[in-house]
Amino acid sequence: MDLESLAGIRHGLQDSRRDGLTEFFHEFMLVLLSEGYSFEDLLHAIANWASEQPRLDELAIPHPPHSPRQPSG
Numbered sequence: 255m256d257l258e259s260l261a262g263i264r265h266g267l268q269d270s271r272r273d274g275l276t277e278f279f280h281e282f283m284l285v286l287l288s289e290g291y292s293f294e295d296l297l298h299a300i301a302n303w304a305s306e307q308p309r310l311d312e313l314a315i316p317h318p319p320h321s322p323r324q325p326s327g
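Note that the working numbering has the sequence shown beginning at 255, numbered continuously upward.
By construction, these hints were calculated from the structure, which means they are not laboratory data.
This structure is a prediction, so every number in the text was calculated from the model and none was measured.
Treat the hints with caution; some may be incorrect.
[Said to hold, decoys possible] The following label-pair restraints were derived from C-beta to C-beta distances:
no., residue 1, residue 2, range
1, I300, Q268, 13 to 23 Å
2, S292, R272, 21 to 31 Å
3, F278, E306, 16 to 26 Å
4, E258, E294, 43 to 53 Å
Yeah, the Cβ is synthetic: ideal placement off N, Cα and C, and Gly gets one too.
Using the sequences and the accompanying hints, generate a full structural model.
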């Protein structure tokens, strides 16, 4: 199998995983909302959990520094 075919399979699997995660999140939010929780509650819980996970710093995707837009003209 060539590299192009492997890349296509990998991208297909990534798309499938994202679709599955989206469906899971939808169902999970329905359960939370039915129990009286809000999206804000979920974000707060995620932030608390993330602050206790030192390894997340290693996994974060670095973003380039923000550069102000130059005026066009």
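Give me the numbers of the hints this structure contradicts, sorted from smallest to largest.
none
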